[in-house]
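*Asks:* Sequence:
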Amino acid sequence: MGALAGPLLAGTAVAGTIGHDIVNYPRIGALPLSGGIAGGLCAVLLAYWLRFPTSGSVALLSSTFGSLLSLGRLDAIQWHGVAKVAGSLFGSIIVGFATGALAYVILLALLARVNYETGMRVMRLQYAAVALQAFGYGANDAEKMMGLIVAATLIGNAGAPFIVPLWVVAAAVGAFAVGMAIGGIRIARTIGGKLFTIRPLHALAFQIAAATTVLTAARLGGPLSTTETTASAIMGVGAIAKPRAVHWQVARELVLAWLITVPSGIFCGLAVTLVLQATNLVH
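According to our numbering, the sequence shown is numbered sequentially starting from 1.
Simulated from the structure, these hints should not be mistaken for laboratory data.
Beta carbons are placed, not taken as given, at the ideal position from N, Cα and C, and that holds for glycine.
Fair warning: there could be bad hints in the mix.
[What the hints assert, rightly or not] If you anchor each label on the Cβ, the simulated ranges turn out as follows:
| id | residue 1 | residue 2 | range |
| --- | --- | --- | --- |
| 1 | GLY72 | PRO263 | 14 to 24 Å |
| 2 | ARG124 | THR197 | 17 to 27 Å |
| 3 | ARG252 | LEU220 | 25 to 35 Å |
Could you put the whole structure together from the sequences, leaning on the hints where they help?
*Replies:* In structure tokens:
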């Protein structure tokens, strides 16, 4: 329910960024849209198969670039939208880290003089923090799918307004929930379990930090990687709580994995688009 409430209450600005501000799909046609989506999906599935976290936004953006490159239509890219996505992706690393550290420092100060029973009651806020995360993820990750669905419905009708109907919201959130149920645990184990040993107070701090960062970006229409944001928030908490216990090598591996997504996404987008073009499956 939290994921569904996210776009209903926080708005659909992220959907507009993905579906309209990067490429004007209604004007350019279905082939680059199909190639970008399918190529991005291939890149994400490759990352899942190799068991490393990836960014859906990076995969989609790089795959779209590869699709347009194969068609010789790089002129169709709207660079203000690309800059918005890039700023959100890289900014979320810094903001997530800083917010995680700040949230942990504040919680430590608030709980410094409370007894054990009171502290355990405060830890129940973790349920609310998890709900807030779901709210934020629905308002960001799920909206990427919404933007693409709406763009597909507007192909050939460039003058139509970009509006996200309720059925699109429900379909995208449902698909997002299924994907998280199937593959989310594997990624969560890499992100949470291998960075450092997380205790309840650490979890509460990074959950609040990640949710706040994601929701802020959603309101501003900035797509970001929730995996990336959560990882940076965890590292921010770890940098204050247990700097020597943080496995910084894992963090470097995560960054490398995200960087690998760019060339793999470009290749997948290019290859899939060429196949679709050759087989005349999409016009």
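*Asks:* None of the hints should be skipped; say for each whether it holds.
*Replies:* Status of each hint after checking the structure:
1. GLY72 / PRO263: 14 to 24 Å: Since the Cβ atoms of GLY72 and PRO263 sit about 20 Å apart, the hinted range of 14 to 24 Å holds.
2. ARG124 / THR197: 17 to 27 Å: holds (21 Å)
3. ARG252 / LEU220: 25 to 35 Å: holds (29 Å)
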